[in-house]
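Peer 1: Each chain is listed here by its residues.
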Amino acid sequence: MTDARSAADRLVEIVGKRAEAEATVAVGRAELTRFANSFIHQNVGEEYVNVRLRVAAGGRVATVTGNRADDAALSKLAEDALVVAATQPVDEDWAGLTAPTTIAPADFSHKSTTAATPAGRAATVKSFVGAGEGLLAAGFCDTDSFETAFANSLGHRAAARGSRATIDGIHQTGESAGSAHQTSNAFSDLDGAAAGALAADRARRGLHAFDLKPGDYEVVLAPEPVATIAVFLDFYGLNGKAFNEGQSFVELGAAQFDERITVVDDPMGPGALGEAYDAEGTPKQSTVLIDRGITRTVVHDRRSGRRAGVASTGHAWAMSGSLGPFAGHVVVQPGSDTVDDMIAAVERGVYVATFNYCRILDPKSQVVTGLTRNGTFMIENGAITGAITNLRFTQSFVKAFGPGNVLGVGNDLRYADSEFGQGVVRSPSLRLASWHFTGGAEG
Amino acid sequence: MFDHARTAVEAALAAGATYADARFVESRDEQIEVLNGSVEQLDRGEAAGVGVRALVGSSWGFFGTHDVSPAALRSAGKRATEIAKASAVVPGKPSPLADVPVVQAEYETPFTEAPLEVPLSDKVDLLMAVTAAMQEVKEVRLARASLGAWDTHKWFVSSQGHQIHQHIVETGGGFDATAVGEGESHRRSFPQSFGQFETGGFEIIRRWDFLANAPRIADEAAALLKADNCPEGEMTIILEASQLALQIHESVGHAIELDRILGWEAAFAGTSHLELPKLGTHKYGSELMNITADATLRGALGSFGFDDEGTPAQRVPIVDRGRWVGVLSGRDSAAIAGLPPGGMVRADGYARLPMVRMTNVGLLPGDSSLDEMIAATERGIFMSTNRSWSIDDKRLNFQFGCEIGWEIENGKLGRMVKNPTYTGITPRFWAQLDMLAGESEWVHWGTPNCGKGQPMQVAHTGHSAAPGRFAEVRVGVKG
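Protein sequence lines correspond, in order, to chains A and B. Using the numbering used here, the first residue of the first sequence is number 288, and each one after it goes up by one. Using the numbering used here, the first residue of the second sequence is number 26, and each one after it goes up by one.
Hints in this document: simulated from the structure, not taken from any laboratory. Note that the structure is a prediction, hence the values are computed from the model and not measured. Even glycine gets a Cβ: it sits at the ideal position worked out from N, Cα and C. Some hints here could point you the wrong way.
Below, computed lysine-lysine pairings styled on DSSO-like, alpha-carbon distance capped at 30 Å [what the hints assert, rightly or not]:
hint, chain 1, residue 1, chain 2, residue 2
1, B, 443, B, 118
2, B, 118, A, 686
3, A, 413, B, 110
4, B, 419, A, 686
5, A, 413, B, 118
6, A, 500, B, 110
7, A, 500, B, 118
8, B, 443, A, 686
9, A, 500, B, 308
10, A, 398, A, 413
11, A, 686, B, 251
12, B, 419, A, 413
13, B, 251, A, 398
14, B, 110, A, 398
Where chain A lies over chain B, by a calculated footprint (3+ residues, C-beta under 8 Å) [stated by the list, open to error]:
hint, segment
15, 441 to 450
16, 495 to 504
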């Protein structure tokens with residue numbers, strides 16, 4: 288297998304003094320077992336090498352990528368980058384390379400994930416499927432183990448290992464569906480039977496659903512919809528590039544959210560999947576984004592930071608030049624309420640297990656439309672009284688977490704599947720005073 | 026190059042597969058983005074590798090590798106078979122493959138100017154000039170322009186004897202102006218949101234003439250800051266062609282994917298409101314609704330010679346005068362449904378499993394025109410250029426937002442409106458299609474960002490459309 292550190296070092300060496308150079312290399316194996324109609328229908332694996340080189344020759348910048356790490360391929364990549372850069376105008380916002388700083392080698396990988404086999408994933412899937420007798424199951428179980436390395440021509444070096452494993456799926460009755468999700472760095476943490484049982488329970492409770500008249504309702508949101516709200520606030524608003532460009536809702540230092548809301552980017556803390564440095568080699572650290580309702584900071588890479596007159600916060604990624612820096616280890620801090628407590632406090636409202644197909648209408652107001660899916664239930668007099676057909680909402684996500692709108696914060700913090708996928712957000716359930724449903728199953 | 030794929034196929038068969046196929050894929054791409062006169066992104070990428078698929082009993086396995094040494098290719102083939110055997114722990118019913126012609130063939134996208142050979146400085150100069158033209162309008166805070174191109178070679182081999190080489194060339198780009206006001210921002214894009222992409226070379230970019238359109242787009246973005254909000258209510262809407270193309274993509278294209286109809290995408294992308302027993306009788310829309318899936322359209326983004334199972338590109342009727350008559354399928358899904366395979370299975374690069382994807386799912390033109398539709402409308406909204414899109418997992422309940430709209434009163438375009446949105450239920454909406462523009466306004470719109478599958482795959486799809494009119498649609502939904 289390719290040695291990521293050697294490849295990154297070699298790439299910078301090949302560029303030599305001809306340009307400033309920054310190389311990132313990721314090497315890994317990703318495998319995914321997918322099931323539908325209660326059988327495994329797609330089962331895939333991949334060994335990958337991703338090589339990325341950014342050069343700046345007299346402020347003329349270019350980025351090239353490849354998927355080979357032999358010497359001939361690295362040499363060609365370096366020459367291509369230099370040729371492309373030479374044709375470019377000088378980039379006035381080029382912020383230079385990250386200066387050498389000590390980043391201890393980080394290992395967030397787990398041996399059960401690194402050693403996971405197709406048979407192991409199939410067994411987890413079998414447990415999920417078996418937990419819903421008489422129901423139809425669909426979903427996936429995957430494992431990803433990787434090693435990354437960074438080098439630049441100032442002599443800065445960093446390396447890390449990581450892993451992730453997920454079981455995510457639904458059970459279906461024919462007229463309803465229920466979902467469940469588990470993510471960890473350790474494949475051995477996944478409990479297919481428990482996930483399957485939760486999905487099956489939600490599916491069975493979803494039978495005989497009725498159409499609820501759209502309008503404003505109190506809601507209890509499971510961790511999945513909370514994760515989607517958080518990742519939208521993150522990607523479209525707490526993004527230094529969007530903030531610089533006047534596209535963000537953020538007012539730094541303002542109490543834009545309920546005092547019960549604290550959001551942190553925590554790449555290295557307990558339970559984190561782990562990322563020791565960003566795509567520019569800047570060390571990662573815990574960053575408080577929203578502190579008890581007050582918006583504290585937006586995240587930056589070197590370029591957006593330079594434009595804002597601040598330092599990088601360590602949030603560069605492969606697409607941050609175009610899409611802006613991104614906090615990819617978001618934690619919505621939990622509270623002390625149980626889900627049962629929150630439901631018991633609702634006189635008339637809606638419980639939502641997951642959102643589906645959310646899209647932003649306006650980045651500044653964060654008005655988003657989307658739907659509920661895989662478990663929408665009526666709450667009356669403190670108890671779930673029946674299932675509801677899926678609802679469409681058109682709701683400002685800033686206002687959703689806004690002052691006075693957060694009535695309860697759950698103690699059930701976990702990795703939750705968001706609109707941006709797994710492993711990005713850890714969130715608890717929340718009880719919100721109002722949510723704007725704008726359509727039902729019939730429009 | 027066929028040898029790379031053949032080595033992997035032979036290894037899969039030796040390990041016990043009853044069928045195997047493999048693709049050796051070599052791809053290059055280039056993405057350039059200029060923002061306010063500064064190059065924000067200039068990325069060039071290249072990748073090569075082999076993906077091999079193996080069938081054991083009723084179970085499939087797939088493995089992709091960047092390493093094309095003989096040993097690695099043999100290992101990949103063996104690994105695909107081992108994965109297929111593991112699938113049998115949770116087995117399904119027998120998975121036959123529909124018969125297709127076994128061919129040895131070549132295909133190349135027709136193109137004039139190889140997009141990756143056009144000097145980079147020419148491309149950057151064009152994007153700089155476009156953003157400068159938009160920045161002449163003082164309210165425009167963000168002037169962005171971009172170009173993208175892909176050059177892909179695929180060598181496909183199957184254990185049944187297929188041997189197909191294809192060279193696919195795709196080019197596109199676009200620009201947008203964003204005006205930022207107090208608590209709001211408005212974007213206008215050209216030729217459509219995310220740009221226009223087609224199969225072909227740099228001649229596509231020259232044809233769309235970015236520079237000539239930049240001042241108008243910038244003016245419209247600025248004007249939106251002073252425009253009134255789209256009114257709420259039920260009324261007639263006329264959709265500009267690129268918005269109608271996305272409406273087709275979301276409410277028809279995904280709904281007719283046979284893998285979704287069979288439940289294979291239930292947990293993620295979703296299923297479909299369509300039920301196979303109703304194929305041939307289900308009423309999808311009005312008599313004006315004629316949809317085809319046509320992978321043979323010259324220049325459209327979803328065109329190719331053969332799909333990634335070696336099935337020839339085809340033109341398949343999907344909706345005939347409002348009646349649902351066809352699906353998007355591959356060899357396995359078609360066999361299960363008892364239908365002929367449609368040649369609509371593609372993968373996103375060498376390391377992904379081929380799956381059912383849209384080709385060019387388009388609405389055939391009518392006999393009206395945009396001018397005639399406006400003149401025939403007493404009260405309504407003309408909406409242009411997508412801003413947001415959302416639809417449920419059965420492809421029934423949708424809500425779209427557009428960048429700009431204009432009120433129509435007594436047959437004439439009136440005031441500009443901002444934040445135009447409309448919402449509806451798929452068959453009810455398509456039943457309300459009552460006027461459709463003709464061939465002179467028919468464009469092969471391209472969607473370069475269609476996501477589906479786990480691991481996620483991004484496909485490039487085409488959607489031909491001309492402007493269309495729909496009666497009694499709910500508009501102006503607000504948060």
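Peer 1: It remains to establish, for every hint, whether it holds in the given structure.
Peer 2: Taking the hints in turn, this is what the structure says about them:
1. A distance of roughly 53 Å separates the Cα atoms of residue 443 of chain B and residue 118 of chain B; the hinted pair therefore is violated under the 30 Å criterion.
2. A threshold of 30 Å between alpha carbons decides the hint, and for residue 118 of chain B with residue 686 of chain A the separation of about 49 Å lies outside it, so the pair is violated.
3. This hinted pair checks out: residue 413 of chain A and residue 110 of chain B have alpha carbons roughly 14 Å apart, not beyond 30 Å.
4. Between residue 419 of chain B and residue 686 of chain A, the direct Cα distance comes to roughly 29 Å. Compliance with the 30 Å bound is thereby established for this hinted pair.
5. A C-alpha spacing of about 16 Å is found between residue 413 of chain A and residue 118 of chain B, which places the hinted pair at or below 30 Å, so the restraint holds.
6. For the hint linking residue 500 of chain A to residue 110 of chain B, the alpha-carbon distance of about 49 Å lies beyond 30 Å, and the restraint is violated.
7. Distance hint between residue 500 of chain A and residue 118 of chain B is unfulfilled; the C-alpha atoms sit about 42 Å from each other, more than 30 Å.
8. Proximity of residue 443 of chain B to residue 686 of chain A is assessed by CA-CA distance (about 21 Å); at most 30 Å being required, the pair is judged to hold.
9. Taken as a hint, the residue 500 of chain A and residue 308 of chain B pair is honoured in the structure, with Cα atoms around 27 Å apart against an allowance of 30 Å.
10. Between residue 398 of chain A and residue 413 of chain A the alpha-carbon distance is near 22 Å, which keeps this suggested pair within the 30 Å criterion.
11. Note on residue 686 of chain A and residue 251 of chain B: the hinted pairing holds, with a Cα-Cα distance of about 25 Å set against a maximum of 30 Å.
12. Between the alpha carbons of residue 419 of chain B and residue 413 of chain A the distance comes to roughly 26 Å, so the proposed pair stays at or under 30 Å and holds.
13. Taking the CA atoms of residue 251 of chain B and residue 398 of chain A, the gap is about 59 Å. The hint is violated against a cut of 30 Å.
14. Of the supplied pair hints, the one linking residue 110 of chain B and residue 398 of chain A holds, its CA atoms being roughly 24 Å apart against a limit of 30 Å.
15. Coverage of the segment 441 to 450 of chain B by chain A holds [criterion: at least 3 residues with CB-CB distance below 8 Å; count 5].
16. Requiring three or more residues with a Cβ within less than 8 Å of a Cβ of chain A, the coverage given for the segment 495 to 504 of chain B holds, as 4 such residues are present.
Comparing the model with each earlier hint shows violations of hints 1, 2, 6, 7 and 13; every other hint is respected.
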